[in-house]
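Keeping their order, the protein sequence lines are chains U and F.
Residue 191 in the numbering used here is what sits at position 135 of the first sequence, and the numbering runs on without skipping anything.
Residue 86 in the numbering used here is what sits at position 85 of the second sequence, and the numbering runs on without skipping anything.
Honestly, the hints are just simulated from the structure, not real lab data.
Be a bit skeptical, because a hint or two may be false.
Straight-line Cα separation of at most 27 Å, DSS-like style, residue types lysine-lysine; simulated pairs [claimed, not checked]: (1) U:272 <-> U:289; (2) U:247 <-> U:204; (3) U:134 <-> U:180; (4) U:247 <-> U:186; (5) U:260 <-> U:300; (6) F:316 <-> F:10; (7) U:204 <-> F:138; (8) U:180 <-> U:210; (9) U:186 <-> F:138; (10) U:151 <-> F:312; (11) U:186 <-> U:260; (12) U:151 <-> U:204; (13) U:210 <-> F:312; (14) U:204 <-> U:289; (15) U:210 <-> F:316; (16) U:180 <-> F:10; (17) U:134 <-> U:247; (18) U:204 <-> F:312; (19) U:151 <-> U:85; (20) U:85 <-> U:229; (21) U:210 <-> U:151.
Covered by chain U, per the in silico footprint, the following chain F stretches (three or more residues, Cβ under 8 Å) [claimed, not checked]: (22) 174–180; (23) 204–212.
We treat Cβ as the ideally placed atom computed from N, Cα and C, and that holds for glycine.
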Amino acid sequence: MSECSCMLDIQGISKSFGGLQALDGISIKVAPGAIHGIIGPNGAGKTTLFNIITGLIGPDTGQVCIQGTAVPFEQPYKLVPLGIARTFQNIRLFKSLSVLENVLVGQHVHTPTPVLSIIVNGSKARHWEKVAEEEARTALRFVGLEDKAGEIVKNLSYGQQRLVEFARALAAKPKVLLLDEPAAGMNPTEKAHLINIVTGLQEKGYTIVLIEHDMKLVMNICSSITVLDHGKKIAEGSPEHVRKHPDVIIAYLGRGEHGHAGSTSSQS
Amino acid sequence: MGANNETNKRSMVIVAILAAVIPLAVSSNYYLHVINLAGIYTLITLGLNLLSGYTGQVSMGHAGFFAVGTYVSALLAISAGIPFWAAAVVALVVTGACGAIIAIPAMRLSGPYLVLATVGFGEIIRLIILNWTPVTKGAAGLTGIPLPNFLGMQISSERDFYYLIFVVVALGTYIAYRLANSKIGRTLAAIREDELAAETMGVPVNRYKVAAFVISAVYAGMAGALYGVFSGVASPDNFTFDDSVAFLCMSVIGGNRTIAGAIIGTFMLTGLSEILRALQAYRLVIYGGILIFTVIYMPQGLAGIMASGNKWLAKRLAELSLFGKGAGK
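Same shape as in the complex, but just chain U (with noise of 0.2 Å):
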């Protein structure tokens, strides 16, 4: 395995579902710290890709690597330990529990209590608990949501609803953040707090993966880009590269009429 002085080193990943080839040998690779943004028109593979990286399903070949070891496929529950944690595309939320004892359960692997203690109330049991419960006060802090600890989550609003699952994901202190559509169904307010919590995280060391169709949102905070069209990758860079690139604009926006690409600007 070649060194990498990156955190998530993607190589070659393809995935083909029946005749569809939704991957098609995609390698990125995202620098500690950074911000990097996966954009695609719809069904151009971004969340295949991101199911590959979580564990939920295996790659027809290549492989994912987090800080050079290699990650297993098809078993979600190794990835937290070596530092991956994500949000889904449609809330995946324990729904019927609290807002803290959703985020309690990222701090799943790091709090490990001996069955015994918890049977008796020993103080390991009582010691982690707290410490569960510290680390998961301070990641609703982080996005805001301290006050709602103790509400039972489906009686939030959508957006508070994804911040409860940032929190979570939160608590499970990964090293790289995936993040499947954050922004989808927030109104402004709540995506501008989304962008001064996402910038925080980066400033705190976190490396964040984000899948968004809010191109200003992208644009904005991303510092690098990669753009999957059919489960190829078509462009890579800056934003500023990125938009400009005449492929990017082709995917988007379709060739125009006399084979040149759509003159409007990356608006889409």
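Since the structure of chain U is already known, use the hints to place chain F on it.
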């Protein structure tokens, strides 16, 4: 949290004291017998609540685990003369192993498919007992299961059994309560709510599911071991699909996402089934009616109703005392 724990502890102590004096107050052996039976069933429901209520793995085959517990311990006692406690431990190991086996399909199945698999398990156990005549005596059943000893005393009267069952149920309730109100309970609930999300947060979901099945089976196994010595006889008729359904009804009607619910539901339905003895044939019809009512109007079960009733009462009392203070000025 702290205050809540204190109230919980206090109510546990009150329940324990009340429970300890019941046999002094209840002179009728018949009532004690019903209470003892309900105590045994409570163990099954506790295990069911951990499995179905917390983890979301609905089982309609718990009569199977119950039967394994009864037959393993009873056969060891009858044929090898092994004392009750040792036989019970073996029974727990065997039922735990059965739990692990039935957990294997549970890793792949969910919802109605899992329910069918557990129904199948319960029926397989019953049919084995019915047909493996050389060992299990088939339809004739086992008789003369020896009485247990405790510290040299033979446990024989209803009152003796009451205390034996009470101690086991108290211990079982305590363990279930600790498991449910800890990281483990939270993790099990997370699996019930969203397996995939739990898995992505680092929870080894399959391992937890197997553990939930094993724990639940062990509870039913312990109930079985007690049932054998308590009733002295066992036959396949005691462990039918109807019984599995009845256990599930107790769990749901009491409230399957709480530990108190298991106790409340079991005692209520066991009592009800005695009251309605004349209508025995319609037992499941009545249970079914109550079940539908519960699911629609009180999904948290009786325990949920009581909890919200308590809250309501506490609020009214607080208002009253506030009002009282105001009036006093």
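Status of each hint after checking the structure:
no., hint, verdict
1, U:272 <-> U:289, "holds, 21 Å"
2, U:247 <-> U:204, "holds, 19 Å"
3, U:134 <-> U:180, "holds, 24 Å"
4, U:247 <-> U:186, "violated, 32 Å"
5, U:260 <-> U:300, "violated, 31 Å"
6, F:316 <-> F:10, "holds, 21 Å"
7, U:204 <-> F:138, "violated, 60 Å"
8, U:180 <-> U:210, "violated, 32 Å"
9, U:186 <-> F:138, "violated, 54 Å"
10, U:151 <-> F:312, "holds, 23 Å"
11, U:186 <-> U:260, "holds, 24 Å"
12, U:151 <-> U:204, "holds, 14 Å"
13, U:210 <-> F:312, "holds, 21 Å"
14, U:204 <-> U:289, "violated, 41 Å"
15, U:210 <-> F:316, "holds, 24 Å"
16, U:180 <-> F:10, "holds, 21 Å"
17, U:134 <-> U:247, "violated, 31 Å"
18, U:204 <-> F:312, "holds, 20 Å"
19, U:151 <-> U:85, "violated, 35 Å"
20, U:85 <-> U:229, "holds, 21 Å"
21, U:210 <-> U:151, "holds, 5 Å"
22, 174–180, "holds (count 3)"
23, 204–212, "holds (count 3)"
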